[in-house]
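Asks: Residues per chain are reported as follows:
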Amino acid sequence: GAGVSQSPRYKVAKRGQDVALRCDPISGHVSLFWYQQALGQGPEFLTYFQNEAQLDKSGLPSDRFFAERPEGSVSTLKIQRTQQEDSAVYLCASSPTGPTEAFFGQGTRLTVV
Amino acid sequence: AQSVAQPEDQVNVAEGNPLTVKCTYSVSGNPYLFWYVQYPNRGLQFLLKYITGDNLVKGSYGFEAEFNKSQTSFHLKKPSALVSDSALYFCAVRDGDTGKLIFGQGTTLQVKP
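First to last, the protein sequences are chains X and B.
Quick note: the first sequence uses my numbering, first residue 1, plus one each step.
Quick note: the second sequence uses my numbering, first residue 114, plus one each step.
Calculated directly from the structure, the hints in this document are not laboratory data.
Don't take every hint at face value.
To be verified - With a straight-line cut-off of 16 angstroms between C-alpha atoms, the simulated EDC-like cross-links for lysine to aspartate or glutamate are:
no. : chain 1 : residue 1 : chain 2 : residue 2
1   : B       : 190       : B       : 177
2   : B       : 135       : B       : 177
3   : X       : 57        : B       : 179
4   : B       : 225       : B       : 198
5   : B       : 171       : B       : 210
6   : X       : 57        : B       : 208
Only a predicted model underlies this, so the values are computations on that prediction, with no experimental measurement involved.
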């Protein structure tokens, strides 16, 4: 696969449950981004990695949200003690260095019940 | 702070007619501007970008956009709309430091036969 791959595509979690969302970026892409997209809204930035370094996590809505990219490739977004307001589509994107476009995965739709 | 605005929630056009989806931006410094399209239950697909150079940018699927510095606009256009162009369109500006994208709220394009 040449594109960004995210899994699972759909996740239903009971309130209070922990979830982990995976992102496989395009091979060789240095930059990796996570976005949250609420229904009918534009994507909102969550966090940014350059290789394995998390350089910006200013968009994470609470300390229940945690992201990692330990080897500079695959990334995991973890949400602890999920709440109903966490229900959204979580998008991952990767890009090479420079002012180029980002390539998005298909997203993970999280529904907290 | 950098931002983009899409003043129209929805644009309706007849197939074969020209279409325009509006976007205005507010940035400090030189803007890096992007258009993405999102089909239902899909991730975002890159259409085109303005980094520097010609004000008229040509992109995928026959779309183009005109960068207008004096009006701080980056409107998306297509000379002849197709029913298959019906989707959600997002304008975005790139943060120069991190590369994160700041998205507008999106415009739903409806092309009727």
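Asks: Run every hint past the structure and note whether it holds.
Replies: Quick rundown of the hints versus the structure:
Only pairs whose Cα atoms come within 16 angstroms are accepted, and residue 190 of chain B paired with residue 177 of chain B is accepted, the gap being roughly 5 angstroms. Restraint check: the Cα-Cα separation between residue 135 of chain B and residue 177 of chain B comes to about 12 angstroms, which is no more than 16 angstroms; the hinted pair holds. Between residue 57 of chain X and residue 179 of chain B, the direct Cα distance comes to roughly 33 angstroms. Violation of the 16 angstroms bound is thereby established for this hinted pair. A hinted pair counts as satisfied when its Cα atoms are at most 16 angstroms apart, and residue 225 of chain B with residue 198 of chain B qualifies at roughly 10 angstroms.
Of the supplied pair hints, the one linking residue 171 of chain B and residue 210 of chain B is violated, its CA atoms being roughly 26 angstroms apart against a limit of 16 angstroms. Proximity of residue 57 of chain X to residue 208 of chain B is assessed by CA-CA distance (about 14 angstroms); at most 16 angstroms being required, the pair is judged to hold.
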